[in-house]
Amino acid sequence: MPRLPCTRRWVLRGAAPLLAAAAIPRGMARAQPVPEAARAALAPTGRLRAALILSNPVLVQRDSATGAPVGVSVELARALAGRLGVPLEPVPYATPAQYAESLAGEIPWDAGFAARDPARGQFLDFSPTFMEVDNVFLVPPGSRLASLADMDQPGVRIAVPRGSGPDLFLSRSIRNAEIVRLPGGAEPAREALLSGRADAYGENAHFLHGVMARLPAGARILEGRFNVVQMAIALPKGRGAEGLDYLRQFVAEMKRDGSIARAIGQAGLRGVHVAPD
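Heads up: the sequence shown at position 208 corresponds to 208 in the numbering used here, and the numbers run straight through without jumps.
It should be emphasised that the hints constitute simulated quantities derived from the structure, not laboratory data. Cβ coordinates follow ideal geometry from the N, Cα and C atoms, glycine included. A few of these clues could be false.
Computed beta-carbon distance windows for the label pairs [unchecked claim]: (1) Gly-218 x Arg-248: 43 to 49 Å; (2) Glu-178 x Gly-105: 29 to 35 Å; (3) Arg-197 x Arg-270: 34 to 40 Å; (4) Pro-35 x Gln-153: 50 to 56 Å; (5) Ala-217 x Pro-33: 56 to 62 Å; (6) Thr-45 x Pro-216: 45 to 51 Å; (7) Ala-104 x Gly-258: 34 to 40 Å; (8) Arg-248 x Arg-47: 20 to 26 Å; (9) Gly-258 x Gly-196: 31 to 37 Å; (10) Ala-217 x Ala-252: 42 to 48 Å.
Taking the hints into account, I'd like the entire structure generated from these sequences.
Set out below in structure tokens:
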């Protein structure tokens, strides 16, 4: 798929420190030898090409001082590259829709840090879930929508980021409401709710708390979650069982030693939890 040149340049510039320091802490990076078949499956070019979705702050944020990409998926990608003993090459996608488009044809990355979903499963194999993300609805001031039970009704318009986990889930489960698919990011969400183009916006709780802060008083997040998104590391199909086996070990170790919990805490994420074993 076509890239956004300016976005890619920004990410690779910001990621330069990551490429120089791709190893995880001494004593952990090579705690166990990596089978050559696993390294070949996960880094066939000699680099770990990690797909990152920039519009989802649960996965990627910007360092306030340097503008470099940071966040849970960046930390995991850096750790995985360190374990494999290869440089990290970020492959950025501005929105979930662009990430989804990358699945058509030859996939140009090795590890995708995004939601596990059946619609993506025809192209990808997945590691165990490394974190769970609460999906909720945000409504504008004065909304008549009061609960999750009000959502799937004729005439209700629910906005989602096109191609995202919420889009894929609601497309399967909604029967009566209309789904309005938008580009990812806070400004499209804010504009849709303020203009009346959408009656509600469905996304992860952390993202929507940020959007709510940019809306007039009276905007609110409805109680309860409509889905819990399973975040996992995706591997293009056909890479062999060894790569997937190694990802299973890697995710288990990252959960066990507290790396994922620390990354969630450092990012200040709300409504995000380490996945249970």
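Status of the hints after comparison with the structure:
no. : hint                          : verdict
1   : Gly-218 x Arg-248: 43 to 49 Å : holds, 46 Å
2   : Glu-178 x Gly-105: 29 to 35 Å : holds, 31 Å
3   : Arg-197 x Arg-270: 34 to 40 Å : violated, 26 Å
4   : Pro-35 x Gln-153: 50 to 56 Å  : holds, 53 Å
5   : Ala-217 x Pro-33: 56 to 62 Å  : holds, 58 Å
6   : Thr-45 x Pro-216: 45 to 51 Å  : holds, 49 Å
7   : Ala-104 x Gly-258: 34 to 40 Å : holds, 37 Å
8   : Arg-248 x Arg-47: 20 to 26 Å  : holds, 22 Å
9   : Gly-258 x Gly-196: 31 to 37 Å : violated, 45 Å
10  : Ala-217 x Ala-252: 42 to 48 Å : holds, 45 Å
Violated hints for the displayed structure, listed by number in ascending order: 3, 9.
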